[in-house]
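Let's have the full structure, built from the sequences with the hints guiding it.
Take the sequence shown: its position 68, counted from the start at 1, is 68 in our numbering, and no numbers get skipped.
Rather than coming from a laboratory, the hints here were simulated on the basis of the structure. Ideal placement from N, C-alpha and C gives every residue a C-beta, glycine not left out. Any given hint could turn out to be false.
[Unchecked claim] With a Cα cut of at most 27 Å, we get these calculated BS3-like pairs of lysine-lysine:
#	residue 1	residue 2
1	K92	K24
2	K50	K24
3	K92	K80
4	K24	K80
5	K45	K24
[To be verified] Have a look at the derived ranges for each label pair, beta carbon to beta carbon:
#	residue 1	residue 2	range
6	E27	E77	30 to 36 Å
7	M23	S89	41 to 47 Å
8	D85	K45	18 to 24 Å
9	G84	M23	19 to 25 Å
10	G127	E107	53 to 59 Å
11	G151	S16	35 to 41 Å
12	E47	Q121	15 to 21 Å
13	G84	V25	40 to 46 Å
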Amino acid sequence: MSDKPGNQTPDTPEVSETELREMKVDELRQEARDENISGASGMRKEELVKEVANARSEGAGNNDGGADADALGAGPEGGKIRHGDASSSSLKYSQEVTSTEDEPEREGRSLATTHHEVIRQWADERGGVPATVEGTEHGDHLGVLRIDFGGEDSNLRRVSWEEWFKTFDGRRLNFIYQEQRTDGTQSNFFRLENPEREDA
Numbered sequence: 001m002s003d004k005p006g007n008q009t010p011d012t013p014e015v016s017e018t019e020l021r022e023m024k025v026d027e028l029r030q031e032a033r034d035e036n037i038s039g040a041s042g043m044r045k046e047e048l049v050k051e052v053a054n055a056r057s058e059g060a061g062n063n064d065g066g067a068d069a070d071a072l073g074a075g076p077e078g079g080k081i082r083h084g085d086a087s088s089s090s091l092k093y094s095q096e097v098t099s100t101e102d103e104p105e106r107e108g109r110s111l112a113t114t115h116h117e118v119i120r121q122w123a124d125e126r127g128g129v130p131a132t133v134e135g136t137e138h139g140d141h142l143g144v145l146r147i148d149f150g151g152e153d154s155n156l157r158r159v160s161w162e163e164w165f166k167t168f169d170g171r172r173l174n175f176i177y178q179e180q181r182t183d184g185t186q187s188n189f190f191r192l193e194n195p196e197r198e199d200a
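Structure, rendered in structure tokens:
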């Protein structure tokens with residue numbers, strides 16, 4: 001019965017790379033985001049094909065009911081803003097975002113969150129990856145946190161989201177950002193704030 005070559009079973013965990021290669025790069029990047037593959041925006045087509053195929057193969061056997069939609073999760077505060085004596089006025093007037101489903105009330109709205117998946121998706125959509133400023137480390141702890149949008153800042157060192165969020169939560173930071181400017185164009189503005197200290 002199983003003499004046929006290749007993968008004949010419709011519900012097999014194996015994934016056809018040929019099928020993926022027929023997709024456009026933008027579609028592959030979206031697939032990669034859906035599979036929670038970090039750094040997808042900087043990958044070439046062949047890298048995207050391999051990463052998506054691998055992620056699908058690994059995930060096909062675990063029927064969690066699609067629980068990977070929020071793989072990084074909300075973080076320890078459930079996405080809620082952290083408050084303290086040094087909270088800025090910009091934090092006070094920001095719209096709190098506690099889910100990937102939350103939308104800005106209007107264009108140009110200042111937003112604030114601690115939700116890991118919200119932050120990762122925001123960065124991914126802009127081609128950003130987690131980074132730290134070289135020379136600001138404290139022992140084996142990351143130094144100043146940044147998001148690298150691929151500019152010419154040679155002081156940035158890319159790190160994993162796990163490292164970045166470990167430091168982000170350890171310092172009890174808030175992520176203040178914009179989705180769009182007031183004219184409706186995409187905004188890369190973000191700021192990290194420690195509500196218990198004046199400098200993050």
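**OP:** Return holds or violated for the Cβ distance of M23 and S89 against the range 41 to 47 Å.
**Re:** With a Cβ separation near 46 Å, M23 and S89 satisfy 41 to 47 Å, so the hint holds.
Original post:
At the C-beta level, are G151 and S16 separated by a distance inside 35 to 41 Å?
Top reply: Distance hint for G151, S16 holds at roughly 37 Å.
Original post:
Is K50 within 27 Å of K24, Cα to Cα?
Top reply: Roughly 14 Å between the alpha carbons, so the hint for K50 and K24 holds.
Original post:
Straight-line Cα separation of K45 and K24 no greater than 27 Å?
Top reply: Within the cut-off at roughly 8 Å; holds.
**OP:** Look at the Cβ atoms of G127 and E107 and judge whether their distance stays inside 53 to 59 Å.
**Re:** 21 Å, violated
Original post:
Within 15 to 21 Å or not, the Cβ separation of E47 and Q121?
Top reply: Since the Cβ atoms of E47 and Q121 sit about 20 Å apart, the hinted range of 15 to 21 Å holds.
**OP:** Kindly confirm whether 19 to 25 Å is satisfied by the beta carbon distance between G84 and M23.
**Re:** 46 Å, violated
Original post:
If you draw a straight line from the CA of K92 to the CA of K80, is it 27 Å or shorter?
Top reply: Answer holds: K92 to K80 is near 13 Å, not above 27 Å.
Subject >> Pairwise hint evaluation, K24 against K92, where the allowed Cα distance is 27 Å at most >> reply: 42 Å, violated
**OP:** Look at the Cβ atoms of D85 and K45 and judge whether their distance stays inside 18 to 24 Å.
**Re:** At roughly 50 Å between Cβ atoms, K45 and D85 fall outside 18 to 24 Å, so the hint is violated.
Original post:
K24 and K80: Cα distance at most 27 Å?
Top reply: 36 Å, violated
Subject >> Whether the CB-CB distance between E27 and E77 falls inside 30 to 36 Å >> reply: Once the Cβ atoms are compared, 34 Å apart, the range 30 to 36 Å for E77 and E27 holds.
Violated hints, in rising order: 1, 4, 8, 9 and 10; the structure is consistent with all others.
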